[in-house]
Amino acid sequence: MASSRILPEFELLIPQSIKEAVDLLGKLKNKASVMAGGTDVVISCTKGFGSPNVISLAEIPALDYVEYDSKSGLRIGAMATLQQVADNADVQKRYPALWKSAAINGTPQTRNMGTVVGNIMRASPSGDCICAILAIGGKVVLRGSKGKREVSIDDFYIKYRETACKSDELAVEIKIPAPAAGSCNAFARMTRTTLDLSKVNVAVRLDMSGKTVKEARVAIGAVAPTTIRLKKVEALLKGKQITDDVLQKIVETVPTEIKPIDDVRSTAEYRRDVAGIMVKRIILEALGK
Amino acid sequence: MKKRAITLTINGEEYNLNVPVHYTLLQVMRDQLNLTDVKYGCGRGECGACTVLLDVGKGGMQCKPTDKKTTYCTMSQSKRKPILACIALAATMDGKSITTVAGLAQNGDLHPVQKAFVDESAIQCGFCTPGMVLKAVSILEKNPKPSEEEIRNGLEGNICRCTGYVKIVKAVQVASKKTATGKR
Chain A
1 MASSRILPEF ELLIPQSIKE AVDLLGKLKN KASVMAGGTD VVISCTKGFG SPNVISLAEI
61 PALDYVEYDS KSGLRIGAMA TLQQVADNAD VQKRYPALWK SAAINGTPQT RNMGTVVGNI
121 MRASPSGDCI CAILAIGGKV VLRGSKGKRE VSIDDFYIKY RETACKSDEL AVEIKIPAPA
181 AGSCNAFARM TRTTLDLSKV NVAVRLDMSG KTVKEARVAI GAVAPTTIRL KKVEALLKGK
241 QITDDVLQKI VETVPTEIKP IDDVRSTAEY RRDVAGIMVK RIILEALGK
Chain B
1 MKKRAITLTI NGEEYNLNVP VHYTLLQVMR DQLNLTDVKY GCGRGECGAC TVLLDVGKGG
61 MQCKPTDKKT TYCTMSQSKR KPILACIALA ATMDGKSITT VAGLAQNGDL HPVQKAFVDE
121 SAIQCGFCTP GMVLKAVSIL EKNPKPSEEE IRNGLEGNIC RCTGYVKIVK AVQVASKKTA
181 TGKR
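Here the protein sequences come in this chain order: A and B. If you're matching positions, the first sequence starts at 1 in the working numbering and goes up one per residue. If you're matching positions, the second sequence starts at 1 in the working numbering and goes up one per residue.
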């Protein structure tokens, strides 16, 4: 039985540059886990699921940035904490979904340690930042021995806890496009207590032209092996005005698109029951209703 | 690397340490340095008993270069931020400076938050108190006049198993009033 007071031994590597980190990953491949804030990696160690090698990003300079530009959008560096993102005025104003997913994540202490990129890379089906970013849209910037590549968040999650990031690649940044005029987004989650992980989380992005939805992205988490987009719901929204009829149809459609399971946090039945209502409410919240 | 030499400042005192790389900050403080005012509760980042304040330099605008072309600036609102010693690896804390509850008093005078906890009897068994006091200090450093809701949200990461939350919240309110008028 692993103890949470004395961690099992592992090798710790503290690269001083992105290049050094990428070289280490190239050498160790899947025998290493990358640690940013440590809120997931260290806890895995306490539970005895740790990796024999831990690569800490703590001493790589200037990875803790949150920058917004009206042309290139938002860039979040691999060491930017959840609290930094929650405190950022541009995030608060332009990406309320992302702001909320960071601001309610864990506790004030873990928000000072854990990172948004870490939340993305952990690839938990209930990851709150994953849900928000999947709705808003964005790209994960990966650095590997062969150079840099960007993967759309839509193609990033392959299956349960597995991403498109190869074992010799390092996620260095998340890029999120600047919202177009008329675009709005929102996020909500359901938990037993505020500290708990989500039973279900939902997020939407609606690109509006007057009262008509031009384009919609709807994401939902903790109801499938990965966070998913609800393509049927998005199709129901596209080109429509949001009426009670449309919303009712959405409430009925959501349960047909998800595959929840029973687990320690909730039951499949309950998740199926609340998911549709949550999607309806988050659409109304995004529209400011 | 099985051990790493680090320099760590705790309550203003500098320690040159050789720490096994799998040791947590909590383990180093309690077992190597005998600083037992930092408590071991759950060991999994959930209860807040091991809260310490990490010094993040002077408040205000700080700018540093990201690459040759751009610099970025951050506005830090408070000088110290709460983190959890049970899930921080000591070896990654080289050069850092932290404050524990034993470092709050100045010249023998208790910090206003400590005084308020005593005056309001916001302590029952006392195990969560060091973490609670540090968390309360960080709440007031960020926001000197928090509402009750803001206090309760701020204390979310600290669990009191005696469930004496009402008095703890009251103590933070009392400390807020005292610090707002500049009295220690």
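A few of these clues could be false.
The calculated lysine-lysine pairs, modelled on BS3-like cross-linking and capped at a C-alpha distance of 27 Å, are [to be verified]:
| no. | chain 1 | residue 1 | chain 2 | residue 2 |
| --- | --- | --- | --- | --- |
| 1 | B | Lys-145 | B | Lys-170 |
| 2 | A | Lys-19 | A | Lys-211 |
| 3 | B | Lys-2 | A | Lys-47 |
| 4 | A | Lys-31 | B | Lys-3 |
| 5 | A | Lys-93 | B | Lys-79 |
| 6 | A | Lys-29 | A | Lys-139 |
| 7 | B | Lys-79 | A | Lys-29 |
| 8 | B | Lys-142 | A | Lys-93 |
| 9 | B | Lys-145 | A | Lys-93 |
| 10 | A | Lys-19 | B | Lys-79 |
| 11 | A | Lys-238 | A | Lys-249 |
| 12 | A | Lys-19 | B | Lys-145 |
| 13 | A | Lys-47 | A | Lys-93 |
| 14 | A | Lys-47 | B | Lys-3 |
| 15 | A | Lys-175 | A | Lys-19 |
These are computed hints drawn from the structure, not numbers from a lab.
These are the hints, each one checked on the structure:
no., hint, verdict
1, B:Lys-145 / B:Lys-170, "holds (13 Å)"
2, A:Lys-19 / A:Lys-211, "violated (49 Å)"
3, B:Lys-2 / A:Lys-47, "holds (21 Å)"
4, A:Lys-31 / B:Lys-3, "holds (20 Å)"
5, A:Lys-93 / B:Lys-79, "holds (25 Å)"
6, A:Lys-29 / A:Lys-139, "holds (23 Å)"
7, B:Lys-79 / A:Lys-29, "violated (38 Å)"
8, B:Lys-142 / A:Lys-93, "holds (21 Å)"
9, B:Lys-145 / A:Lys-93, "holds (24 Å)"
10, A:Lys-19 / B:Lys-79, "violated (31 Å)"
11, A:Lys-238 / A:Lys-249, "holds (13 Å)"
12, A:Lys-19 / B:Lys-145, "violated (45 Å)"
13, A:Lys-47 / A:Lys-93, "violated (39 Å)"
14, A:Lys-47 / B:Lys-3, "holds (22 Å)"
15, A:Lys-175 / A:Lys-19, "holds (20 Å)"
Comparing the model with each earlier hint shows violations of hints 2, 7, 10, 12, 13; every other hint is respected.
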